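*Asks:* Read off the chains here:
2 protein chains.
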Amino acid sequence: MPSLNHLQISFPIIQAPMAGGATTPELIATVSNFGGIGGLGAGTSAPETIKQNITDIKALTQKPFMVNLIVLTEAQSRDFDCAIPDWLADYYKSNDIEVNLPKHPAQKFSEQLQVLYDNPVPIVSFTFGVVNSEQVKRLQQLGMVVIGTANHPNEAQAWEAVGADAVCVQGVEAGGHRGGWLAESDADPLGLLALISQTKNCTSLPLIAAGGIMTAQDIKAVLAAGADFAQLGTAFLATDKSGVSDDYKNALVAASQGKRCPETRLTRLFSGKLARGLVNGFLNDFAKFDNQFGNNANLPPYPQLNAMTTPMRAHAKKHHDVEHLSIWAGQGVSQVKKEPTTELLKRLVQDL
Amino acid sequence: MPSLNHLQISFPIIQAPMAGGATTPELIATVSNFGGIGGLGAGTSAPETIKQNITDIKALTQKPFMVNLIVLTEAQSRDFDCAIPDWLADYYKSNDIEVNLPKHPAQKFSEQLQVLYDNPVPIVSFTFGVVNSEQVKRLQQLGMVVIGTANHPNEAQAWEAVGADAVCVQGVEAGGHRGGWLAESDADPLGLLALISQTKNCTSLPLIAAGGIMTAQDIKAVLAAGADFAQLGTAFLATDKSGVSDDYKNALVAASQGKRCPETRLTRLFSGKLARGLVNGFLNDFAKFDNQFGNNANLPPYPQLNAMTTPMRAHAKKHHDVEHLSIWAGQGVSQVKKEPTTELLKRLVQDL
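First to last, the sequence lines map onto chains A and B. Each residue of the first sequence is one higher than the last, beginning at -12 in the working numbering. Each residue of the second sequence is one higher than the last, beginning at -12 in the working numbering.
Because the hints were derived from the structure by calculation, they are not lab data. What you are looking at is a predicted structure, and each value in this text was computed from that prediction instead of being measured. Each hint should be verified, as a subset may be incorrect.
Pairs involving identical chains hold if they fit within one copy or between any two copies, as the list cannot separate such chains.
Heads up, simulated DSS-like pairs for lysine-lysine below, C-alpha to C-alpha not over 25 Å straight-line [stated by the list, open to error]: (1) K333 <-> K80; (2) K90 <-> K325; (3) K38 <-> K80; (4) K207 <-> K187; (5) K187 <-> K333; (6) K38 <-> K236; (7) K325 <-> K187.
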């Protein structure tokens, strides 16, 4: 059976598998070849794209890497059952943006998972939900290490129950989407240190710590807290191998230089699911429709709202309008740097 | 000039100065005599009580201890300018609880501070605001180490600017009231690790880390992150020298045994200022009136709402009704134990 701790890894550093284009095969291979673990955020990719990405990564590295999928039910990925909210429809109308929603709000998870069954990779991780023990076993039998994501100890226990090899515990500090799915996970998000400590108290899974980690000292802190690995996302976003746009990179760097501690916020406005990004025009303008911590969100759920805001974000990207992009970033964003990916890795390892 | 690092302290452990009765002279002296730093939460105490407490503590220990005050303007401590909210007035009416509000919602900060000028203590810390550099200098000239509280790097910088000797950085994980005062501090609270890392990035003050710290491993983690001391509050609450009621202690311990990770929540409902406590009947029943992260809270501000809910909490305490007490607790509460204070201290030090 595979195990995270038996893989040939030199440093306990994982590059977070961020969906949406940041995690290019070049970024992943750079991290894995350096001795860490690169991660592909494949959750929003079509099956054929995932297959191609895996082929591309394997051509660039012989070292372990990770592919991350978003767990959705068939119904979640298939149906729109909510209308576009009025405030968003009004925004589209007043900005003359044509809205052609796709037939389905998301890719089919079962088809994405089949790509992994057919094209095994060293490590597969999951977010937004939990798979069943048969699926875990099948992946493991194909040689894959299986990792879950948890924002709450109860979610870590759910991953332990289905036989996962490790769990990524993602604190409130983390940029991008929160990977949990239980109500208690978002009702009052746990800080990373409390999450690590309490998860260790109730599971025996190896832990990957995620959320706000930017420096070697941050890595040392989470290892001291009991984590086995540190996962960094925002730290890689502005590096040269990252696939996000120059506008996105510049927004991160501007934020890090403009104030000592730039404002990020947890929001449901972009996708229906809680995610952390830089505060910009979109978040400010529609703040009153947001529902970060309430149980009765009156926003369409993920992935429907995600699909509904895609035309806005595509339009904004085309017009270099960072006020209407989702600039996902963690609470450590003040320490982001625009630099070669290898420079970041060297600095992290040198200071470890 | 005094300095935190030159005090005779054996262990980098501070017992948080929790206002409201938890921090008895016996608790403080036990911690200080053991080699840590005990802290008196004097923010809501009358000047003559503070003076008596200082005398009592000095009779029990020769070692360094801390007194904490709540920074309020004269106007804040003097005037009620809001009415009791309807939902609270209705609660009082339907439960036949007589409401006799005090003349002033809080003690006068200037009078409390005068007690310290007249009765110097080794360490004084402040929360809910920042004092001015003349006040800091006067305290220092009287031999006191001066510590501020910050939930955000900008607040740490404010304390550095007035000449404080150290700052307590309190992450989102922390139980009880958040010590910050700037809007950015509560808009999207920072996790402790990100707070430490970013504060170190913009100030050179020694840091005391607070929030969710329950075990020696948690302490090691915040020291690895760059903090100089760890401050623990919840961990001490159920120990024998703590002054909270048995009902309070039992509620904490029941929560820690009932579920692996009990639900705490940040709320303004008890006092008007954001504070973390166990979710109970009061928080659930009036959740829709809460306003945790919004800028336009429609609740009376601290200390007015704090004074307005005091009759409810006094009634609840008398009737052993933990559903209407403020059961302040941090996110690490699942690891709380009912035990002698010295047992907790021994376990922390042994594992360090």
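*Asks:* Decide, hint by hint, whether the structure agrees.
*Replies:* Hint check results:
no. : hint          : in the structure
1   : K333 <-> K80  : neither (48 Å within a copy, 66 Å between copies)
2   : K90 <-> K325  : neither (38 Å within a copy, 57 Å between copies)
3   : K38 <-> K80   : neither (38 Å within a copy, 66 Å between copies)
4   : K207 <-> K187 : both (17 Å within a copy, 15 Å between copies)
5   : K187 <-> K333 : between (30 Å within a copy, 21 Å between copies)
6   : K38 <-> K236  : neither (27 Å within a copy, 56 Å between copies)
7   : K325 <-> K187 : between (35 Å within a copy, 21 Å between copies)
Violated hints for the displayed structure, listed by number in ascending order: 1, 2, 3 and 6.
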